[in-house]
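Chemist: So the chains spell out like this:
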Amino acid sequence: MVSAARLSEPAFAAGAAIGVRRVSHRFDLGGAVLPVIEGLSVEIEPGSFVALLGPSGCGKSTLLRLVAGLEPPSAGQLLVDGLPIAGPSPERVVVFQDPTLFPWRTVWDNAALGLEAQGVRGEERRERVGTALARVGLAGFANAYPHQLSGGMAQRAALARAIVNQPRVLILDEPLGKLDSLTRIAMQAELVGMWQRAGFTTLMVTHDVEEALFMAQRVLVLSDRPARLVADLAVDLPYPRHRGDPRIAELRRQALGLLGLDATW
Amino acid sequence: MSSASHVQQIAAPLHVAPRFRPHALLAFAALLWFAAAGVSVWVPDADDYERTALFALLVGAVGAVLAAASLAEPALPKGLAARLRGVAPWLAVLPVLLVGWELVTAKFDLLPRPFFAAPQSLLEVFTDDWRRLGESVARSLFLLLGGYAIGAAVGFVAGVAVGWSRAVGYWVHPVLRLVGPLPATAWLPLAFFIFPTSHSASTFLVALATGFPVTVLTWSGVAGVNRAYYDVARTMGAGRAFLVLKVAIPAAMPSVFVGLFMGLGASFAVLVVAEMMGVKAGLGWYLQWAQGWAAYANMYAALLVMALMCTGLITLLFRARDRLLAWQKGLVQW
Chain C
1 MVSAARLSEP AFAAGAAIGV RRVSHRFDLG GAVLPVIEGL SVEIEPGSFV
51 ALLGPSGCGK STLLRLVAGL EPPSAGQLLV DGLPIAGPSP ERVVVFQDPT
101 LFPWRTVWDN AALGLEAQGV RGEERRERVG TALARVGLAG FANAYPHQLS
151 GGMAQRAALA RAIVNQPRVL ILDEPLGKLD SLTRIAMQAE LVGMWQRAGF
201 TTLMVTHDVE EALFMAQRVL VLSDRPARLV ADLAVDLPYP RHRGDPRIAE
251 LRRQALGLLG LDATW
Chain S
266 MSSASHVQQI AAPLHVAPRF RPHALLAFAA LLWFAAAGVS VWVPDADDYE
316 RTALFALLVG AVGAVLAAAS LAEPALPKGL AARLRGVAPW LAVLPVLLVG
366 WELVTAKFDL LPRPFFAAPQ SLLEVFTDDW RRLGESVARS LFLLLGGYAI
416 GAAVGFVAGV AVGWSRAVGY WVHPVLRLVG PLPATAWLPL AFFIFPTSHS
466 ASTFLVALAT GFPVTVLTWS GVAGVNRAYY DVARTMGAGR AFLVLKVAIP
516 AAMPSVFVGL FMGLGASFAV LVVAEMMGVK AGLGWYLQWA QGWAAYANMY
566 AALLVMALMC TGLITLLFRA RDRLLAWQKG LVQW
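Protein chains in written order, with our numbering: chain C, 1 to 265; chain S, 266 to 599.
Only chain C is shown next, with the shape it has when bound in the complex (with noise of 0.2 Å):
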C-alpha cells in the first residue's frame, strides 16, 4: 500500500462531527421488549477515529445501525455536524463483518454501486471507482467475480465500494473479524493509512482489545447489554504505531480489566 500512497487522492470531505445524545434502543421481540442501548451520549470529533469494544452482542453493532440511519433509535439524538439523522446517506458508508458483495455483480460493477445510486455517471463514475480499487489494490480484479475473491480481497473490495463515496464518516461494523490473523495485520494497517490521507471520522466495532489499541485514537468500552459507556479511554500514542509498545500492553490490561478478564492478564 506504500506505493498507493502516491496516486492521485479524491477529493474527500472532511470528517463529520457525531453526536449521541441520550440514545437508547430496544427491540420488540413478539411482545417481549429486549433493551439493547440505554442512556448512551458520546461526542466525536469531526476526523477522529474511535474503536467500540464490548463484550459480543452489547448493542455495538446496533449503534452503528443507528448512526448509519439504517434505524431511528427508540429515544435519544444522533446528530451529524449538529443535524439530526434522518435516514441512510452516503456520508455515512457501513462497511460489515461479511463483505455483502453482490456476487452478480463484477468487483468493478460493486464498487461502481454507491455512484449508481447517486446517478453519478461517466468519466466520473469511472474515475472514482478506478481510484477506489487502486487504493484498495485491487485495480487487476475489476472483472472478477465475488465467488473468485480470497476473503481479504472481497473485503478490501467491500473497502472499496465504501469509499467511492467519499463518505464524511466510515462505519467499520468488524471489518477485519473473518479475515486470517496475517491478512488482518495487514490490514489494519491500510485503513489507518486510509483515515489519515481521507480524513473521513471512522467509527469502528471490533472484539480484538489490541486492533483498538492499535488503530483507533480513543477506544469506548460498552457494557454488556443494554449497552452502557463504561469507560473512555484515550490512546495518546502517534502513528504509526508499534505492536509491542510498553503502552499499548498497558492500556490493554486496562481494557481487558474494564471488559472483566482481567484475571487473564
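Hints are computed from structural coordinates only; laboratory data are not their basis. Nothing here was measured: the structure is a model prediction, and the numbers come from that model. Among these hints, one or two may not hold up.
Where chain S lies over chain C, by a calculated footprint (3+ residues, C-beta under 8 Å) [claimed, not checked]:
(1) 107-120
(2) 194-204
Example chain C residues on the side facing chain S (calculated, C-beta under 8 Å, incomplete) [claimed, not checked]:
(3) 70
(4) 88
(5) 90
(6) 104
(7) 165
Ideal placement from N, C-alpha and C gives every residue a C-beta, glycine not left out.
Assemble chain S onto chain C, guided by the hints.
Modeler: Leaving out everything else, chain S in the frame of chain C:
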C-alpha cells in the same frame, strides 16, 4: 487461471499415451453404422416397407461421416474433436440399438404390428407427412410460446410484487394458495366455454400452468434476498426503484429460473392435453389424430419430434440462464 494450468499439468501425461483410443472408437462406431446399414439392405423385410433403402442410405451416411471424422480427428478443431470423443460411446451404441429395433420389427416381425413401428416406417412419416407434421410443430410452438411468455411475464411481475410489498402479498397470497395448486388442466372445460376461441383458451391454460411456479419461485427468491444487501444499497443512497430493480430482482434470478424451468415443464403437459381436447392443430392433435387412424408410426414420429422440441426449448432456457447467471457457481448442466 492458475487452477486451469494446474489441471493441464495433471491431465497432460494422461493424454499422451492413449491418444489413439478415442479415434479408434470413432472408427469402430463408423463400422457399426455400416454394419447396421448392411443389415437393413441385405436381410429381407418381412413385409412391404417403402423406405428401407433410404433408411439404409441414411444409416450408411452416418457411418461415412464418422469414418471421415475418425480419420480426420487430429486435424479437427479442438472443441469439435473433444465433443466427438465425448459422444463416441453413444455413437457406437446407437447403431446396435437401431439394428435391434430393425430386426424385431421390419425384419422378423416379432412385435405385434400396428402398435410397434419399424424405424423405416418413422422415416416414411417424415418423408411423406412432413407438411402436416411441420405445421403441427409450428402451431404447437406458437401456442406454447405465446402462453408461456404471458404466464412467465405475469408470474414474474406478480412474484416480485408479492415478495416486495406486504399489501400485495396480503391480497394475492390467499388467491395463490387456493388456485395455484389446482392443475391447469382442471380449468379445461371452463376455459373452452369462457374463451371465444380454442386457441385463446389454450393460451390461457398454458399461461396459467407457467404462471404459478414462476410466481411462487420469484416470490420466494425475492423474499429470500439477504437483508444485508438492502442495507448496503441503502447506506449508499439507493432509492426504492434501485432496491427492487438492482438488488431484489438480480438476487432472486437463480430462483426465478427454477420457476421458469418448472413452468416450462408444466406448460408442455397442458399444451398436449389442450391440443388433444379442443384445439384442431398442433402435436397433441396430431397424436390424437394418428391414434384415430391407428397410424402408430405417425405417433412415434410425433412423439420423437415433440421430445426434440421440448428438450430444445429447455436447452434454450438453460443457455439463457448460463449467460445471465454466469456469476453463479455450480450450475447444473443440461
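Chemist: Evaluate each hint against the coordinates.
Modeler: Hint-by-hint comparison with the structure:
1. With a cut-off of 8 Å between beta carbons, the segment 107-120 of chain C has 5 residues touching chain S; three or more are needed, and the interface restraint holds.
2. Check result for the segment 194-204 of chain C against chain S: violated, 0 residues qualifying (beta carbon to beta carbon below 8 Å, three or more required).
3. Checking residue 70 of chain C against chain S by beta carbon gives a least distance of about 6 Å; that is within 8 Å, so the hint holds.
4. Taken as an interface hint, residue 88 of chain C checks out: its beta carbon lies about 4 Å from the nearest beta carbon of chain S, inside 8 Å.
5. The interface hint given for residue 90 of chain C holds, since its Cβ lies 4 Å from the closest Cβ of chain S, which is under the 8 Å cut-off.
6. For residue 104 of chain C, the interface hint holds, since its Cβ comes within 8 Å of a Cβ in chain S; the closest pair sits about 5 Å apart.
7. Look at residue 165 of chain C: its Cβ gets to within about 6 Å of chain S, closer than 8 Å, so that hint holds up.
Against the hints set out earlier in the document, a violation occurs for number 2 only.
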